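Undergrad: If you want the building blocks of each chain, they are given just below.
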Amino acid sequence: MEITIDPVTRLEGHHGVKINVEDGVVTDAKALALMFRGFERILVGRDIRDAPIITQRICGVCHNDHRLASLFAIENAAGMADEWNVGMPPAATAFRNLVTTLQYVYDHPVWVYVLVGPDFSDSPHKTGLTRLNPIVGKGVKEAVWAQKELHKAMAIIGGKVPHMMTPAPGGMTLEIDEKIITQLVGIVADVKKWAVGVGIGQPAATNAEYVLDEVLKQMEEIKAGKRDAFEPKEGMGNALFDMVAMIAVAHDMGLNEQGVWEDSKMLAYGFLPDPESGELYFPSGFFNGSELENMDYRKISEDVTYSWYKDETQTGYVGTDLPPEPYYGKSGAYTWGKAPRYNGLPAEVGPLPRLVAMYLKKSKELGDPLGLRKTFCGSATASTALSRMIARIQEELIMIDYLESLLLQLKDYAGKKTAIEYPENISGEGVGLREAPRGALGHWVVAENGKIKRYQAVVPTTWNVSPKDSKGQHGPLESALIGTPVSDPANPWEVVRTIHSFDLCLACTVHIFTKEGRKYNLTLDACSI
Amino acid sequence: MVVIIGAGNLILGDDGFGIHVIERLKKMKEFENVKIVDSMTNSAIMLEAMDGEDKAIIVDAIDVGQEEGVAVYRFNPKEEDFPSDIMLSMHDLHFRDVIAMARDVYNLPDEIVIVGVKPEKVELSLDLSESCSGHIDEVIDFIRKELGINSMS
Chain Z
1 MEITIDPVTR LEGHHGVKIN VEDGVVTDAK ALALMFRGFE RILVGRDIRD
51 APIITQRICG VCHNDHRLAS LFAIENAAGM ADEWNVGMPP AATAFRNLVT
101 TLQYVYDHPV WVYVLVGPDF SDSPHKTGLT RLNPIVGKGV KEAVWAQKEL
151 HKAMAIIGGK VPHMMTPAPG GMTLEIDEKI ITQLVGIVAD VKKWAVGVGI
201 GQPAATNAEY VLDEVLKQME EIKAGKRDAF EPKEGMGNAL FDMVAMIAVA
251 HDMGLNEQGV WEDSKMLAYG FLPDPESGEL YFPSGFFNGS ELENMDYRKI
301 SEDVTYSWYK DETQTGYVGT DLPPEPYYGK SGAYTWGKAP RYNGLPAEVG
351 PLPRLVAMYL KKSKELGDPL GLRKTFCGSA TASTALSRMI ARIQEELIMI
401 DYLESLLLQL KDYAGKKTAI EYPENISGEG VGLREAPRGA LGHWVVAENG
451 KIKRYQAVVP TTWNVSPKDS KGQHGPLESA LIGTPVSDPA NPWEVVRTIH
501 SFDLCLACTV HIFTKEGRKY NLTLDACSI
Chain P
1001 MVVIIGAGNL ILGDDGFGIH VIERLKKMKE FENVKIVDSM TNSAIMLEAM
1051 DGEDKAIIVD AIDVGQEEGV AVYRFNPKEE DFPSDIMLSM HDLHFRDVIA
1101 MARDVYNLPD EIVIVGVKPE KVELSLDLSE SCSGHIDEVI DFIRKELGIN
1151 SMS
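Protein chains in written order, with my numbering: chain Z, 1 to 529; chain P, 1001 to 1153.
A couple of the hints might just be wrong.
Stated by the list, open to error - Here are the simulated lysine to any residue pairs, SDA-like style, with alpha carbons at most 20 Å apart:
(1) Z:Lys179 - P:Glu1079
(2) Z:Lys152 - P:Ala1044
(3) Z:Lys148 - P:Glu1079
(4) Z:Lys233 - Z:Pro203
(5) Z:Lys18 - Z:Ser331
(6) Z:Lys160 - P:Asn1009
(7) Z:Lys160 - P:Ala1044
(8) Z:Lys141 - P:Glu1079
(9) Z:Lys148 - P:Ser1131
(10) Z:Lys141 - P:Asp1104
(11) Z:Lys148 - P:Gly1052
Said to hold, decoys possible - Here are a few chain P residues that sit away from chain Z, every Cβ distance over 12 Å (derived from the structure):
(12) Asp1051
(13) Glu1079
(14) Gly1134
It should be emphasised that the hints constitute simulated quantities derived from the structure, not laboratory data.
None of these values were measured; they are calculated from a predicted model.
From the three backbone atoms N, C-alpha and C, an ideal C-beta is built for every residue, glycine too.
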């Protein structure tokens, strides 16, 4: 039986999945990206300084991440900094780290409350997660408030949101002053109180064990019919409570056995360089299934064997690829997505790979806070639907603490120079590497006399939803789907939840084809997905 | 206090009706002390503009199946009981869903009035169709009455 789910979008649209199901298990999967983007083609011939402004429009959610990746690439091409942007004035680096971190603290709750929360909320499944019911749930409303506050914080720095203006070629167009810091500390203190229940100066995970115990206790009571909904107690941190409750419910539904990629590979570019030493707070690395190898971006290529592009646009190394030449209808191809490969291998990107790299390179405590992945998924490095969810939540805790320490650090840079002159008419090659909330993000540019000759953006979802390559290797999402159980073909929840664990988003219409050619056209509202 | 909000996409012909109207209001002396906000297509700006006000007048292109011309809606978001059949899509939020989500988050006015004209052409253009631009004066008169301003003409 062949099942097509398209679109699978709650956020950025136009992604679908085609799967084959036999005896209640997914036997083959094709990740479909059905929209041609073409930003790389738009950029060719333009002034290199336009690139950050234009590529920022790739997304309305992770706009800052594209702007920064593009700046890193052009500043690298100008010889001002390395591929992680180390070498820029420390005040600019600190400021850019702040932009980045605010984006994370904003973005992960979007995933919890809007993109994946509805899957587990009370409205479709009587899980007791009434706080996660779409739009009207109490937790969702609180998250809307928090996001409003965080957007305010971003606008204080960036002039406007989305698409802030202040990160510019050569640094930042704004200097840090006491007023900005005071405003931001006020907002962050309020949001932190909501998120994790503690004020400035206390680690975000302070309450975590207590919250976990309380959630498990309430879960037993819900199952025994003694109560019908999860409710946080005063001072627990409502978001932390909701997130932990969601994990407990997901574990109860067996997500630790869904979306499993047995032979997983993971890639983290690393990011957040220390303004003085340049050391990356989140380390880079390639997890080959047993150990973490040093990451070398020159080993990144893009395969288009199964993508609607002419084969000659790939050269081996992504930095020298030609602008993608569309070839819709190419025999055997099934997606506009390319197949990025590291050293010829597919790799998963996102919070889990980032934390796995941190776990293996920096510290076990930091890379698997509270040992949640080890406890719920058997190992801190396992790739399952549940471990991807846990990692996203763990990262939120890490980021709130990091944001706070950064705000304190900013005082040292008040009034310091945040920009240096960006030279005109540069020629050269540049790479910008960093991590967007959804995973490793890289921009590659080749410039000649100040004009763009080649541009490539390899975005996180391209890694995760990559199709097969010339060696027949499936992409990460495809691999995770193969082997996933499907208990009810008319409602393939296991498949949808696996997709959502990669944070690709989902939408309203599910088309299902059986092998007899019968077509079901299910319109599911958010409450039932 | 009252806030007047123009909503819509200025580059999509009649969809920009609300913006054309508020741009006209901004030039009129009788509205110089009134809070006027261009929310474009952004519901967050609209909510932010209404926050803490007693009354909001939203001007937009409205197609509710009326034959043609001006349509008016009036409701109290604190009292209205919103239906629960919510369709969730980040890029296509229903006005009703936005209000439902904003309840308890923003301090919404007791009275929201939506006034607008049926669009004739929603396509790439900076100009309004004749039928829409012909209704601008009528809508401005309506807003005057809502504000209790006597026509200066």
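Undergrad: Each of the hints needs a verdict: does it hold here or not?
TA: Structure-based check of all given hints:
Under the criterion of a C-alpha separation no larger than 20 Å, the hint pairing Lys179 of chain Z with Glu1079 of chain P is inconsistent with the structure, at around 40 Å. Annotation: proposed proximity of Lys152 of chain Z to Ala1044 of chain P holds, straight-line Cα distance about 11 Å (limit 20 Å). Distance hint between Lys148 of chain Z and Glu1079 of chain P is unfulfilled; the C-alpha atoms sit about 24 Å from each other, more than 20 Å. Taken as a hint, the Lys233 of chain Z and Pro203 of chain Z pair is honoured in the structure, with Cα atoms around 19 Å apart against an allowance of 20 Å.
For the given pair, Lys18 of chain Z sits about 17 Å from Ser331 of chain Z by alpha-carbon distance, which is consistent with the 20 Å threshold. Of the pairs offered as hints, the one joining Lys160 of chain Z and Asn1009 of chain P holds, with about 19 Å between alpha carbons and a cut-off of 20 Å not exceeded. Restraint check for Lys160 of chain Z and Ala1044 of chain P: satisfied, since their Cα atoms lie roughly 13 Å apart, inside the 20 Å limit. Restraint check for Lys141 of chain Z and Glu1079 of chain P: the C-alpha separation of about 18 Å stays at or below 20 Å, so the hint holds.
With a C-alpha separation of about 38 Å, the suggested pairing of Lys148 of chain Z with Ser1131 of chain P is violated against the 20 Å cut-off. Between Lys141 of chain Z and Asp1104 of chain P the CA atoms are separated by roughly 7 Å; this keeps the pair inside 20 Å, and the hint holds. A distance of roughly 15 Å separates the Cα atoms of Lys148 of chain Z and Gly1052 of chain P; the hinted pair therefore holds under the 20 Å criterion. With a least beta-carbon separation of about 10 Å from chain Z, Asp1051 of chain P fails to lie farther than 12 Å from that chain, contradicting its non-interface assignment.
For Glu1079 of chain P, the requirement that its beta carbon stay farther than 12 Å from each beta carbon of chain Z is met, with the minimum near 16 Å. Remark: the non-interface label on Gly1134 of chain P is consistent with the geometry, its nearest Cβ contact in chain Z lying 35 Å away (cut-off 12 Å).
Hint violations for this structure: numbers 1, 3, 9 and 12, all remaining hints satisfied.
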